[in-house]
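A.B. asks: Quick note, the sequences are listed as chains A and B, same order. All letters in the first sequence, in the order written, are residues 1 to 270 by full-length UniProt numbering. All letters in the second sequence, in the order written, are residues 1 to 270 by full-length UniProt numbering.
Everything labelled a hint here was simulated from the structure, so no lab data went into it. Hints are supplied without guarantee of correctness; some may be wrong.
Chain copies aren't distinguished; within one or between two, either way the pair holds.
In silico BS3-like cross-links for lysine-lysine, where the CA-CA straight-line distance does not exceed 25 Å [what the hints assert, rightly or not]:
no.	residue 1	residue 2
1	151	78
2	78	190
3	151	69
4	151	93
5	16	142
6	58	93
7	254	97
8	151	97
9	217	151
10	217	78
11	69	137
12	58	254
13	21	234
14	190	93
15	69	190
16	4	16
17	64	137
18	190	234
19	142	217
20	35	137
21	58	144
22	35	151
Number of protein chains: 2
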Amino acid sequence: MADKLGLLAGKGDLPKRIVQKCVSEGRPFHIIAFKGQTEPELVAGHPHTWVRLGAAGKTLSILKEENVKSLLMAGPIKRPSLVAIRPDAWGLKFLAKTGAAAFGDDGLLTRIIHALEGEGFKVIGAHDVLEDLLAPKGILGKTKPDEQAEKDIQKAFQIAHAMGELDIGQACVVQDGLVLAVEAIEGTDKMLERCLDVKRDGFGGVLVKAKKPNQEKRADLPTIGVATLINAHKAGLRGVAVEANGSIIVDQDKVISKADELGLFLMGIE
Amino acid sequence: MADKLGLLAGKGDLPKRIVQKCVSEGRPFHIIAFKGQTEPELVAGHPHTWVRLGAAGKTLSILKEENVKSLLMAGPIKRPSLVAIRPDAWGLKFLAKTGAAAFGDDGLLTRIIHALEGEGFKVIGAHDVLEDLLAPKGILGKTKPDEQAEKDIQKAFQIAHAMGELDIGQACVVQDGLVLAVEAIEGTDKMLERCLDVKRDGFGGVLVKAKKPNQEKRADLPTIGVATLINAHKAGLRGVAVEANGSIIVDQDKVISKADELGLFLMGIE
């Protein structure tokens, strides 16, 4: 049987799928729920402890007491200001060592992972627990992008990578060569909302999500789900492309069905 | 007396200031108003012709009939899809020659300017007509940025430049090292609106606007006005920095007064 899993839980569907998987396989687990971040429904009826995000030392003690061996971070965590974090002693030491204030989300996560490994934990990714989570390469549904969409995908992919290099975000929307929206920390759904106001007539745009070039694969890979397809459709887009083997599709079968139902293309690109 | 000016008018305050200046100096002018783009109040009582954005050939004929020598583009023009433009014969020739579909806003504007020069017009910038329009270097109001704000300005400036190199946009907001928002084509005011939802506790962020590295100075320089300061304040920001000699402050005195009134810093950086 797999060793006991510690789940550092952010928002969204991914932590739910991890919990379901552990339950169905009988794998022991303990959820670390962060106040103001983790959704309370996630932990109901499951072993869990609520902690402040800044209570890093306490969190590590709990994980050790619970005899957790492997750690998994899943779901986005909203990074508060350093003032609001109120780091405990371990947290202060970590921040002093890394100068984390200067880093974007990605640099910070990589450093957190290394610090957790330094405490003796094995840090794994959501795709190590859930099979079929990483996006495969190729066209995944029935709809195919036309020539214009292909061009927009190429441009959007290039821009998403440039954004990633600057540690800004992971997604953008391009229509007919024009960049309609670029994601910072508002999240993909919010970004899609504003596309409806700025989109041009003619063929709709495309959403592309790509991992940051230096992104730690065990934390916060770009993720899409059924809701992403619904919101992309509402925003007047024609399809969604994500980085193959570098992004997560939660409930892949359902997402492909939804894409087919809405007439959107869905693909993994490299 | 200055020669007759043709004003290709987009939205906002800048075209109004140009018209006021021409009227006050008795400089002859003719406004080209674009359907669905130019604000009707701008042209009321002034010599003007309404044209479709795609009616490039007709626009040039009007300007020549009106004996216009110098041309000035002022105020943002919303780029429609190529389908919606319905270019006339001149427009089609221009598009065929430049392959404009593949360009972002900036590349397109540069090519439009060169084409207008090829038709014998002198193309000038708004700052050639209005003095004190370009942002000067230094702190412009009473409030000074602190060390944290200085760091955020540096980071935001670097990001705005990178966005500009990719021809995405000209503005971004950074708080405590975190990129809160990046502007694509939604415009600065819309970008500021969403900062309120994503901002962190603690010291507020900064807005930086910079011209694109290859930007044609005679078209669409990053622009701020009194409304920008008001919206930055509403968004919880602590100040605004714009590229010195590469961005426009409309009604500079009023903008500085507003910054002082709201306690925001306002500065030109290089």
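A.B. asks: How would you classify residue 35 and residue 137 at a CA-CA limit of 25 Å: within, between, both, or neither?
C.D. replies: neither (37 Å within a copy, 45 Å between copies)
A.B. asks: When no copy is specified for residue 151 and residue 93, does a C-alpha distance of 25 Å or less occur within a copy, between copies, both, or neither?
C.D. replies: Between copies only: 23 Å across chains, 48 Å inside a chain, cut-off 25 Å.
A.B. asks: If the cut is 25 Å between Cα atoms, do residue 190 and residue 234 qualify within a copy, between copies, both or neither?
C.D. replies: both (12 Å within a copy, 19 Å between copies)
A.B. asks: Can you give me the call for residue 151 and residue 69, within, between, both or neither, at a CA distance of at most 25 Å?
C.D. replies: neither (46 Å within a copy, 39 Å between copies)
A.B. asks: Check residue 69 against residue 190 for me: Cα-Cα at most 25 Å, and say if that holds within a copy, between copies, both or neither.
C.D. replies: neither (36 Å within a copy, 46 Å between copies)
A.B. asks: Please sort residue 151 with residue 78 into within, between, both or neither, judging by C-alpha distance up to 25 Å.
C.D. replies: between (33 Å within a copy, 22 Å between copies)
A.B. asks: Classify it for me, residue 21 with residue 234: is the Cα-Cα distance of at most 25 Å met within a copy, between copies, both or neither?
C.D. replies: neither (31 Å within a copy, 45 Å between copies)
A.B. asks: For the identical chains here, do residue 16 and residue 142 meet the 25 Å Cα criterion within one copy, between copies, both, or neither?
C.D. replies: The answer is neither: 28 Å in one copy and 52 Å across copies each exceed 25 Å.
A.B. asks: Indicate which option fits the pair residue 190, residue 93 if close means a Cα-Cα distance not exceeding 25 Å: within, between, both or neither.
C.D. replies: Classified as neither; 35 Å inside a copy, 39 Å across copies.
A.B. asks: At most 25 Å between C-alpha atoms: does residue 217 with residue 78 qualify within a copy, between copies, both, or neither?
C.D. replies: Classified as within: same-chain Cα gap 18 Å, cross-chain 39 Å, threshold 25 Å.
A.B. asks: Reference check for the pair residue 151 and residue 97, CA-CA at most 25 Å: within, between, both, or neither?
C.D. replies: between (44 Å within a copy, 20 Å between copies)
A.B. asks: With 25 Å as the alpha-carbon cut-off, assign the pair residue 64 and residue 137 to within, between, both or neither.
C.D. replies: neither (39 Å within a copy, 55 Å between copies)
Hint compliance for this structure: hints 3, 5, 7, 9, 11, 12, 13, 14, 15, 17, 19, 20, 21, 22 are not met, and every other hint is.
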